[in-house]
Amino acid sequence: MNDRLTTPWGEYALTRFPEDPRDRLRAWDASDAYLLRHLAANGTPLGGTVVVLGDRWGALTTALATHRPTQITDSFLAHEATRENLSRNGVDADAVRLLTTRDTPPARIDVLLVRVPKSLALLEDQLHRLAPALHEKSVVVGAGMVKEIHTSTLRLFERIIGPTRTSLAEQKARLVFCTPDPALGRGADPWPYRYELPGDIGLLSGRTVTNHAGVFCADRLDIGTRFFLRHLPRSRGAERIVDLGCGNGVVGLAAALANPEAELVFVDESYQAVASAEETYRDNAGRPAEFRVGDGLAGVPAASVDLVLNNPPFHSHQATTDATAWRMFTGARRALRPGGELWVIGNRHLGYHVKLRRLFGNSELVASDAKFVVLKAVKK
14 MNDRLTTPWG EYALTRFPED PRDRLRAWDA SDAYLLRHLA ANGTPLGGTV VVLGDRWGAL
74 TTALATHRPT QITDSFLAHE ATRENLSRNG VDADAVRLLT TRDTPPARID VLLVRVPKSL
134 ALLEDQLHRL APALHEKSVV VGAGMVKEIH TSTLRLFERI IGPTRTSLAE QKARLVFCTP
194 DPALGRGADP WPYRYELPGD IGLLSGRTVT NHAGVFCADR LDIGTRFFLR HLPRSRGAER
254 IVDLGCGNGV VGLAAALANP EAELVFVDES YQAVASAEET YRDNAGRPAE FRVGDGLAGV
314 PAASVDLVLN NPPFHSHQAT TDATAWRMFT GARRALRPGG ELWVIGNRHL GYHVKLRRLF
374 GNSELVASDA KFVVLKAVKK
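Each residue of the sequence shown is one higher than the one before, counting from 14 in this note's numbering.
Hint data in this document are derived by calculation from the structure and do not stem from the laboratory. It cannot be assumed that every hint is accurate.
To be verified - Pair ranges (Cβ atoms, derived):
id, residue 1, residue 2, range
1, E24, S218, 30 to 38 Å
2, S317, L181, 18 to 26 Å
3, E377, W22, 29 to 37 Å
4, A251, D33, 34 to 42 Å
5, R121, E377, 41 to 49 Å
6, D33, E377, 25 to 33 Å
7, Q184, R361, 32 to 40 Å
8, L181, G56, 13 to 21 Å
9, N55, T343, 40 to 48 Å
We treat Cβ as the ideally placed atom computed from N, Cα and C, and that holds for glycine.
From just these sequences and the hints, can you work out the full model?
If you want it as structure tokens, here you go:
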């Protein structure tokens, strides 16, 4: 959806990435607009190094481009959306600096604007990484919808950066004002987190998994992945297998251990996830694999893959949507060789079998329980 964000500095035409005319979700929300109004109304000095953390689709970065901000995000799609929105609004891409959550942050930060993420773990990790660059005069403002800012959110700011206060709510959005305390004893960053897999899951039993902050179910093996692992297809020979939306890479690792001749590719749009998958694989597999941060299978050559394993997300931040699953399935069909297979796990109620039949002309139920289904689609 192409929409216009009105700010004290002007209007900006913004879109999500990839742009889909059927998508009715905006590229900004009330908390983005509230933060920008606050900065203008209070004459917040935006000199020095301005860092925007967690900007979801580049709305904040685009509106503040004249201040040459540094954007830090875990999302490949957020980076691409930012590039598109800068171009759409006639802003030179060189006006902003794009960093990932895995990159070394700026050594000094004078203004830190935080779009509060869904994952408290990711917020904790990033505040730990950025806190050393703050000084007592740094301006720190967080923004989010009321339902996204909890007591636990404020405690993280207070424990890692300094005292907080909150604004009144406007249009169900709220701001968090934090005063940096350079003398605060914040302790060590607990991320990444490593744990041992349970002993009843076959080849993966007892192996160690690495999870960087923000990766789904970072402290245990989730029940959906456990169910998928019990029903993975048998692979033989030099097959090219993709773990699509790989998370910490457990599914792809299982496929690699089951078939020593297979070539594995791990893909996710999260930089944290791909880093987790790479470390998990490196510690357990003992042979090379490919790791890609990107928009699904967009960068994988057509008809180059034998098997795609996929557990698609059905949320985009706080919104429930099937757009990501649809892109993943469409990309898988393009990337698969004739006869290649897409195996999907999902909640029963999501109706993925309908989409697979529409795209592939077929969908087979491999396994199911009270909550999950494992489906197979074959490229004819």
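Taking the hints in turn, this is what the structure says about them:
1. E24 to S218: 30 to 38 Å: Violated, at about 57 Å.
2. S317 to L181: 18 to 26 Å: 54 Å, violated
3. E377 to W22: 29 to 37 Å: 54 Å, violated
4. A251 to D33: 34 to 42 Å: Taking Cβ atoms as reference, A251 and D33 lie about 36 Å apart, which means the hint holds.
5. R121 to E377: 41 to 49 Å: 57 Å, violated
6. D33 to E377: 25 to 33 Å: 29 Å, holds
7. Q184 to R361: 32 to 40 Å: 36 Å, holds
8. L181 to G56: 13 to 21 Å: 19 Å, holds
9. N55 to T343: 40 to 48 Å: 46 Å, holds
Checked against the numbered hints above, the structure breaks hints 1, 2, 3, 5 and satisfies the rest.
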